[in-house]
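Here the protein sequences line up with chains G and A, keeping their order. For the first sequence, the numbering used here assigns the number 104 to the initial residue and increments by one for each residue that follows. For the second sequence, the numbering used here assigns the number 4 to the initial residue and increments by one for each residue that follows.
It is possible that part of the hints are untrue.
Said to hold, decoys possible - Subject to a maximum C-alpha distance of 30 Å in a straight line, what follows is the list of computed BS3-like cross-link-like pairs (lysine-lysine):
id	chain 1	residue 1	chain 2	residue 2
1	A	K71	A	K101
2	G	K190	A	K179
3	G	K166	A	K179
4	A	K128	G	K184
5	A	K212	A	K191
6	G	K190	G	K166
7	A	K179	A	K191
8	A	K71	G	K190
9	A	K251	A	K212
10	A	K128	G	K190
11	G	K175	A	K179
12	A	K212	A	K246
Claimed, not checked - Derived CB-CB ranges, DEER-like:
id	chain 1	residue 1	chain 2	residue 2	range
13	A	D181	G	R179	17 to 23 Å
14	A	E58	G	R161	57 to 63 Å
15	A	K251	G	P134	27 to 33 Å
16	G	R195	A	D181	23 to 29 Å
17	G	E153	A	Q207	36 to 42 Å
18	A	T208	G	R161	36 to 42 Å
19	G	Q112	A	G70	31 to 37 Å
20	A	V172	G	P134	16 to 22 Å
21	A	F196	G	E186	53 to 59 Å
These are calculated hints, taken from the structure and not from any lab test. Using N, Cα and C, we set each Cβ at its ideal position, and we do this for glycine too.
Spelled out from the first residue to the last, the chains are:
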Amino acid sequence: MGGLFDRLQSEIETRQRVEGITLADLLDVSPELRRIINMVLRQGEMSLAEIVRQLDMRPSEVKGLLDTLVEKGYLRAFEVKGEQRYKTFLARKRGREVPLNIWESLDSKLE
Amino acid sequence: MSQIVSIHSFRGGTGKSNTAANLSTLLAIEGRRVGVIDTDIQSPGIHVLFGLHEEDMAHSLNDYLWGKCSIEHAACDVTSRLDADIKGQIFLIPSSIKAGEIARVLREGYDVGLLNDGFHALIEKLDLDVLMIDTHPGLNEETLLSIAISDVLAIIMRPDQQDYQGTGVTVDVARKLDVPRMMLIVNKVPAVFDLDEVKAQVEQTYDCKVAAVLPHSDEMMILASAGIFVLRYPDHPITATLKQAVAKLVP
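Using the sequences and the hints, build the whole thing.
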C-alpha cells in the first residue's frame, strides 16, 4: 500500500511543479524563498547576477535557493544570450467549479 | 522610474475606483503619464468615471487575457474625454462590461502570469510614469498579485466595524509581501467625527501612515461617479486633501 501512496504523493508533487505557484501559496512559502519569488515577480524577470546583487548572500547560496525554487516549479530558468535568467511561474487562476448546467443556462441567457 | 500604485480595500463600496480615478487625474494634471487598469474583472466600474461606454471599448483586459490583443491595444487614451487642462496623459485599460465575457472569465479562469506580464508591458510600451491598479475588494489572485508587485499600496477603509478587521488582514498580507510603501486612506467619514482624531487612531491601530482622511461629501454622492470629482470641484476641501494624498503616495 505504501507504493500506492508514494505514487499519489509523486503525482501531487509533479502536478504542483507543472502548475506553478498561486499568490495564496506565496504567503505560505518561507520568508527567504518568498523574498526571492517576490523580487523576481516585481521585476518581471531577473538574471542570477541581478538577484545576487539584491540579496546579502553568497552567489552559491543564492544559486542553491534558485535551484530549489525551479525544482518546486515556482520559478522558470531560461537562457538569454548565454545568461541564466529567472521568471516567476504563476499558476493559472482556475475557473469556478459550479455545475456545468449553470454555465450553459447563463450562456444561453447572455448571448 | 515608473511606479505601480495599487488601490485596494478589503470590503466593497469604500470608494476605491473613485479614489483611483481622482488620484490618477491629479497625477496626469501634474504632467505624468498614467495608466489605469481595472483588474476588478468580475465587477468592473472605473470606466464610468472616465466617461467610457461599452461601445467605446475596442478591446478590454479580457481580450488581452484571452490572447486576442496586446495589452497596449486594450488601452484607451481618455485624457481628452476629461475636458480639462491636463499636461500628462491618462490611459485606461478597462475590463469588459459584457455579461457573457465576465461569465467566461469566472468560468474559465485566466493566466495570472500573463496579467503580470501585461502590467510590465504596459509600463514599457506606454512609457508610463505611474500604473494605477484598481482592484477587486477582498483577497483573490488578482488582488494578491497587484499587492505583491506594488511599489505603493493605498488601502481604503471606512470608519465601519466591517472594515476594521479586513483592513488589518490586508495590512498583514502587504507586510508579508514586502510592499515598499503602504498607506491608508479613510473615506466617507461622518461630519461629526474629528478628522485629526480619526487619523491618529487609525495610524496607531494599524501602525501604518494615513495618506488622507476624507469626510463624507454630499457633492461626491450627487456626482455619483458621473465624472472626476477633482475636476468638477477643484476648490473643494476634498480635492485639497486628495492633492496632499497624491503627494504622499507618489512623491
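Hints, one by one, checked against the model:
no.: 1; hint: A:K71 <-> A:K101; result: 16 Å, holds
no.: 2; hint: G:K190 <-> A:K179; result: 20 Å, holds
no.: 3; hint: G:K166 <-> A:K179; result: 23 Å, holds
no.: 4; hint: A:K128 <-> G:K184; result: 23 Å, holds
no.: 5; hint: A:K212 <-> A:K191; result: 18 Å, holds
no.: 6; hint: G:K190 <-> G:K166; result: 14 Å, holds
no.: 7; hint: A:K179 <-> A:K191; result: 28 Å, holds
no.: 8; hint: A:K71 <-> G:K190; result: 23 Å, holds
no.: 9; hint: A:K251 <-> A:K212; result: 10 Å, holds
no.: 10; hint: A:K128 <-> G:K190; result: 20 Å, holds
no.: 11; hint: G:K175 <-> A:K179; result: 21 Å, holds
no.: 12; hint: A:K212 <-> A:K246; result: 16 Å, holds
no.: 13; hint: A:D181 <-> G:R179: 17 to 23 Å; result: 21 Å, holds
no.: 14; hint: A:E58 <-> G:R161: 57 to 63 Å; result: 58 Å, holds
no.: 15; hint: A:K251 <-> G:P134: 27 to 33 Å; result: 28 Å, holds
no.: 16; hint: G:R195 <-> A:D181: 23 to 29 Å; result: 24 Å, holds
no.: 17; hint: G:E153 <-> A:Q207: 36 to 42 Å; result: 39 Å, holds
no.: 18; hint: A:T208 <-> G:R161: 36 to 42 Å; result: 41 Å, holds
no.: 19; hint: G:Q112 <-> A:G70: 31 to 37 Å; result: 35 Å, holds
no.: 20; hint: A:V172 <-> G:P134: 16 to 22 Å; result: 19 Å, holds
no.: 21; hint: A:F196 <-> G:E186: 53 to 59 Å; result: 56 Å, holds
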